[in-house]
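Chains as they are written, first to last, in our numbering: chain A, 146 to 406; chain B, 146 to 406; chain C, 146 to 406.
None of these hints come from the bench; they were simulated from the model.
It is possible that some hints are incorrect.
Claimed, not checked - Derived BS3-like pairs: lysine-lysine, alpha-carbon spacing no greater than 30 Å straight-line:
id, chain 1, residue 1, chain 2, residue 2
1, B, K308, A, K287
2, B, K287, C, K161
3, A, K385, A, K147
4, C, K287, C, K308
5, C, K287, C, K161
6, B, K161, B, K287
7, A, K265, C, K147
8, C, K265, B, K287
9, C, K147, C, K385
10, A, K147, C, K385
11, B, K161, A, K385
12, A, K265, A, K308
13, A, K161, A, K147
14, C, K308, C, K147
15, C, K265, B, K385
16, B, K265, B, K308
17, C, K147, B, K385
18, C, K287, A, K161
19, B, K265, B, K161
20, A, K161, C, K385
21, C, K308, B, K385
22, B, K265, B, K287
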Amino acid sequence: MKTTISQQALAEALGKVRSTSPLVHNITNYVAMNNSANALLSIGASPVMAHWTEEMEAMTAIAGALVINIGTLDGEWIEGMLAAGRAAALRSTPIVLDPVGAGATPQRTATALRIIEECKPTIIRGNGSEIMALVNADIRSKGVDSSQSSHDALSAAQTLARKTGAVVVISGATDYITDGTTTHTVEGGSPMMTSVTGMGCTSTALVGAFAAVCPDALVASTAAMAVMSLAGERAAAYAKGNGSLQVGFLDELYNLTPDTL
Amino acid sequence: MKTTISQQALAEALGKVRSTSPLVHNITNYVAMNNSANALLSIGASPVMAHWTEEMEAMTAIAGALVINIGTLDGEWIEGMLAAGRAAALRSTPIVLDPVGAGATPQRTATALRIIEECKPTIIRGNGSEIMALVNADIRSKGVDSSQSSHDALSAAQTLARKTGAVVVISGATDYITDGTTTHTVEGGSPMMTSVTGMGCTSTALVGAFAAVCPDALVASTAAMAVMSLAGERAAAYAKGNGSLQVGFLDELYNLTPDTL
Amino acid sequence: MKTTISQQALAEALGKVRSTSPLVHNITNYVAMNNSANALLSIGASPVMAHWTEEMEAMTAIAGALVINIGTLDGEWIEGMLAAGRAAALRSTPIVLDPVGAGATPQRTATALRIIEECKPTIIRGNGSEIMALVNADIRSKGVDSSQSSHDALSAAQTLARKTGAVVVISGATDYITDGTTTHTVEGGSPMMTSVTGMGCTSTALVGAFAAVCPDALVASTAAMAVMSLAGERAAAYAKGNGSLQVGFLDELYNLTPDTL
Numbered sequence: 146m147k148t149t150i151s152q153q154a155l156a157e158a159l160g161k162v163r164s165t166s167p168l169v170h171n172i173t174n175y176v177a178m179n180n181s182a183n184a185l186l187s188i189g190a191s192p193v194m195a196h197w198t199e200e201m202e203a204m205t206a207i208a209g210a211l212v213i214n215i216g217t218l219d220g221e222w223i224e225g226m227l228a229a230g231r232a233a234a235l236r237s238t239p240i241v242l243d244p245v246g247a248g249a250t251p252q253r254t255a256t257a258l259r260i261i262e263e264c265k266p267t268i269i270r271g272n273g274s275e276i277m278a279l280v281n282a283d284i285r286s287k288g289v290d291s292s293q294s295s296h297d298a299l300s301a302a303q304t305l306a307r308k309t310g311a312v313v314v315i316s317g318a319t320d321y322i323t324d325g326t327t328t329h330t331v332e333g334g335s336p337m338m339t340s341v342t343g344m345g346c347t348s349t350a351l352v353g354a355f356a357a358v359c360p361d362a363l364v365a366s367t368a369a370m371a372v373m374s375l376a377g378e379r380a381a382a383y384a385k386g387n388g389s390l391q392v393g394f395l396d397e398l399y400n401l402t403p404d405t406l
Numbered sequence: 146m147k148t149t150i151s152q153q154a155l156a157e158a159l160g161k162v163r164s165t166s167p168l169v170h171n172i173t174n175y176v177a178m179n180n181s182a183n184a185l186l187s188i189g190a191s192p193v194m195a196h197w198t199e200e201m202e203a204m205t206a207i208a209g210a211l212v213i214n215i216g217t218l219d220g221e222w223i224e225g226m227l228a229a230g231r232a233a234a235l236r237s238t239p240i241v242l243d244p245v246g247a248g249a250t251p252q253r254t255a256t257a258l259r260i261i262e263e264c265k266p267t268i269i270r271g272n273g274s275e276i277m278a279l280v281n282a283d284i285r286s287k288g289v290d291s292s293q294s295s296h297d298a299l300s301a302a303q304t305l306a307r308k309t310g311a312v313v314v315i316s317g318a319t320d321y322i323t324d325g326t327t328t329h330t331v332e333g334g335s336p337m338m339t340s341v342t343g344m345g346c347t348s349t350a351l352v353g354a355f356a357a358v359c360p361d362a363l364v365a366s367t368a369a370m371a372v373m374s375l376a377g378e379r380a381a382a383y384a385k386g387n388g389s390l391q392v393g394f395l396d397e398l399y400n401l402t403p404d405t406l
Numbered sequence: 146m147k148t149t150i151s152q153q154a155l156a157e158a159l160g161k162v163r164s165t166s167p168l169v170h171n172i173t174n175y176v177a178m179n180n181s182a183n184a185l186l187s188i189g190a191s192p193v194m195a196h197w198t199e200e201m202e203a204m205t206a207i208a209g210a211l212v213i214n215i216g217t218l219d220g221e222w223i224e225g226m227l228a229a230g231r232a233a234a235l236r237s238t239p240i241v242l243d244p245v246g247a248g249a250t251p252q253r254t255a256t257a258l259r260i261i262e263e264c265k266p267t268i269i270r271g272n273g274s275e276i277m278a279l280v281n282a283d284i285r286s287k288g289v290d291s292s293q294s295s296h297d298a299l300s301a302a303q304t305l306a307r308k309t310g311a312v313v314v315i316s317g318a319t320d321y322i323t324d325g326t327t328t329h330t331v332e333g334g335s336p337m338m339t340s341v342t343g344m345g346c347t348s349t350a351l352v353g354a355f356a357a358v359c360p361d362a363l364v365a366s367t368a369a370m371a372v373m374s375l376a377g378e379r380a381a382a383y384a385k386g387n388g389s390l391q392v393g394f395l396d397e398l399y400n401l402t403p404d405t406l
C-alpha cells in the first residue's frame, strides 16, 4: 500500500480510533450490514445499525459519526436517512454518504442528491460511475459496480467537492481523496476485493470511524482507505477466493495497529 | 457431481456467465442477501439487490435476469416483487422465483401463487415441500426446511411445470430439473450443505445468472445446480463444519472455470 | 467453560435439541440474521426468520419457540413482534426477548418494555447496560455495546426477573442466569467474541432453541450460554481475528454433541 499522507498521520489516526472507540451510527444496506459492523469492530470502533425515523434524533445524539448508505433503499428508509442526516448536521456530527448505485436508476441518483442537498455530508465515497452520476445525470452505471475507472472520475470528484464542500472519495485500483484542491491517493489492495460484496460499503463505514476522531476529513478519509487497502492486500496474499478473502480481511484489520502498519 | 446434461453444455454455460458478467437483479431475503451476492460475484456475475417499488422498472430495464425470493417477505416487499416481476415479464427478461416457506404459512403459499399468476416466472426453484405446496395446498412444510424428499416431489414438479410453463427445479440429495416433459438430474453436493443457511437461496440466485445468458431454461437451471453441487462437494471435503463450508463454498465457486469443471 | 448446572443437565439439553430439531421462529435484526440462522443450524435446530404481521399467527402455530430481537427495529417490525408475541403467549410457546440497545435511545427502552408488558416473555437476555435500562430508565448504554459489567447488573436482573416472572440472562465475561431467586453462572468464552458482531443476538437465538425443548427456562438458558461459551473459547484458541472467530465458532458449535462437551 502506498499513500500520499504520512505514515505518522496514518498511525495517529488509527491510534485514535483504537483508543477512543467512537460510536458509528450506520444506516446502511442489508447486504453489507454484517460486514460493515464487523469491520468497525475489527478497527476498534463501536458500530450501531439503526434506521427507525423515531429514534434517529436520539441515536444521532450519542454517535461520533453518521454513515448513510443507499444500497437497498426504499421510501421509509429514505425518511430515516433524512431525519438522521438533519439531526447530525445540526450537531456538526460528521456525515459520510455512500451513493450506492447512483447512475443505475434515476431514483437512486435523485435520492443521493437530495441527501447531499438536505444533510450536507462531510464526506462522499463512491466508485467512479457513482461519483460521475452525481455530477452528470447522463452517466449510467451497471447496477452497483463501476463502469468507469477511478482516474476517469477524478475531475468529476473535484467538481463535486467544490460544489458541495464535501471531501469526495473515489475508490478503485487507485483511490482518490479530494477536497477539490488537494488530492490524496491510495494505491494497493487487490483486484480480488471487487469479488467480495460490500467492500465499498465497508470502506465507507471505516471512513465514518476515522471521521469521528479526526477533524481533518481529508486525512480521515485517506487513512480509512489506506487501512482498507492494507488489510485487503495482506489477506489477498493467502486467500483462496472471495470467501476466504472476506474472512482474512477482517482478521487483518483486527490485527492492524499503529505498530503493525 | 453427476448430471444428465453434457460436460460441454455445462462448460459453455459457465463460460458465458464469466465472459458476459450479467447483471442479476435480486429481490431476496435478508438472511441470504450477503451469501447470494458473494456467490454471484464468485461465478463472475454482477449482483444488485433492490426492492424499492419506485425503482423496479428502471432496475429491471438494465438487468439480465430477475430473482424473486420470498424468504422474509412483508406487504411492502410484495409490492416491489410484483412491480419488478411485471416489468421483467413485459421485457421478456428471465424471472426466477424461489417460493421460500410455501406450505409453512398460507400467506406464503398464496404470495408465491400470486407471483406465478401475475409475473409468469421462467423458472421456479424450491425444495420438495415448497414445490408440493404450490400444487397441493394441503402440504405443510416445517418452516423453510423440507419435509419431503426431492424424489417424492418430482411428479408435483412436473405438474407445476406443465401448468405454469415454467421450468421447475427441486433441490435435494438429487436435484430434479423439469419442464414437465424432459427431466434432468444433478447428483452430488454434500449433506453438510443443508446446515448452511441460504444455500437454497444461493442456488436460485445462480440459476438467475445462468438464465441471463442461456436461452434454454432447462440447461441454464441444470448448469446452475451442477455448479452448486460441485463447489459444495469440493468445499465439504475439507470443511470442519458449516462455518468453514460457507467460506470454502464461495472459494470453490470462485475458482470454477470451464477448465476446472 | 465452567457452569453451575450439571454436565448431565447440559448434555441432556443439547441432546434434546439435536434429536428433536425444534423450529425456532426469529424476528431478529438484519445484522445478526445470517449468523443466528447458521448457529441454530449448527446446534441442530431449524431456524425460520419471518416478521410479516399477517403470517405471524400461522408461523407461531408451528414454532417451538419465538425469539424477538429489537436490534434494527422500526414501526412496522414492532407490529410484527407484538402480533407474534401475543400469538405465542396464547399458545404458551416460549418467548425469548433480546432488548438490543435498550438504554441507547428512549424509543428502544420503551419498545422493550412494551413487549415485556404485552407478550410476557419467558426469558430476557441482554448485556449489563440493557438489563439495567429495563429496570432504571436513567441508565444509558453506548449504542448496542455494554457500558456496565454483567456483575454490576446482577441485582437489576434479579429485580427484573421477580417483576416480570421471566428468567433474565446477562451476558458478559461471566454470564448470570437468574429467576430472581436461583442464579446460575457460566464462565469462559473469549474476550475476542465481543469483536464479532451479533454474538449476543446469536446467544439469544440459541436460548430459543433450548427453551423449545427444555421446560425449565433456567436450565435452558444456562445450557445455551454454556454452549456459546464453549464454542467461543474453542474457536478463539486458533482464530487469528474476528473474521476467523466467526467461522470457527460455527464450526465448533456444529461439532458440539453430548459426547464432545
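Do the hints match the structure? See the list:
Simply put, K308 of chain B and K287 of chain A have alpha-carbon atoms about 35 Å apart, too far for the 30 Å limit, and the pair is violated. The hinted pair formed by K287 of chain B and K161 of chain C meets the criterion: a straight-line CA distance of about 18 Å does not exceed 30 Å. Distance check on the hinted pair: K385 of chain A and K147 of chain A sit about 24 Å apart at the alpha-carbon level, within 30 Å; holds. The suggested pairing of K287 of chain C with K308 of chain C holds, with an alpha-carbon distance near 25 Å, which does not exceed 30 Å.
Proximity of K287 of chain C to K161 of chain C is assessed by CA-CA distance (about 37 Å); at most 30 Å being required, the pair is judged violated. Distance hint between K161 of chain B and K287 of chain B is unfulfilled; the C-alpha atoms sit about 37 Å from each other, more than 30 Å. A C-alpha spacing of about 52 Å is found between K265 of chain A and K147 of chain C, which places the hinted pair above 30 Å, so the restraint is violated. Pair hint K265 of chain C plus K287 of chain B holds up; C-alpha atoms about 26 Å apart against a cutoff of 30 Å.
Under the criterion of a C-alpha separation no larger than 30 Å, the hint pairing K147 of chain C with K385 of chain C is consistent with the structure, at around 24 Å. Using a Cα cut-off of 30 Å, the hinted pair K147 of chain A and K385 of chain C holds, with the two alpha carbons roughly 25 Å apart. For the suggested pair K161 of chain B and K385 of chain A, the alpha carbons sit about 23 Å apart, so the restraint of at most 30 Å is met. About 11 Å separates the Cα atoms of K265 of chain A and K308 of chain A, which keeps this hinted pair within 30 Å; it holds.
The straight-line distance between the Cα atoms of K161 of chain A and K147 of chain A is roughly 21 Å, inside the 30 Å bound, and the hint therefore holds. A distance of roughly 29 Å separates the Cα atoms of K308 of chain C and K147 of chain C; the hinted pair therefore holds under the 30 Å criterion. Under the criterion of a C-alpha separation no larger than 30 Å, the hint pairing K265 of chain C with K385 of chain B is inconsistent with the structure, at around 40 Å. Note on K265 of chain B and K308 of chain B: the hinted pairing holds, with a Cα-Cα distance of about 11 Å set against a maximum of 30 Å.
Distance hint between K147 of chain C and K385 of chain B is fulfilled; the C-alpha atoms sit about 25 Å from each other, no more than 30 Å. As the CA atoms of K287 of chain C and K161 of chain A are separated by approximately 18 Å, the hinted pair is consistent with the 30 Å bound. Restraint check: the Cα-Cα separation between K265 of chain B and K161 of chain B comes to about 25 Å, which is no more than 30 Å; the hinted pair holds. Proposed proximity of K161 of chain A and K385 of chain C is supported: the alpha carbons are some 23 Å apart, at most 30 Å.
Straight-line distance between C-alpha atoms of K308 of chain C and K385 of chain B comes to about 44 Å, which puts the hinted pair past the 30 Å bound. Proposed proximity of K265 of chain B and K287 of chain B is supported: the alpha carbons are some 27 Å apart, at most 30 Å.
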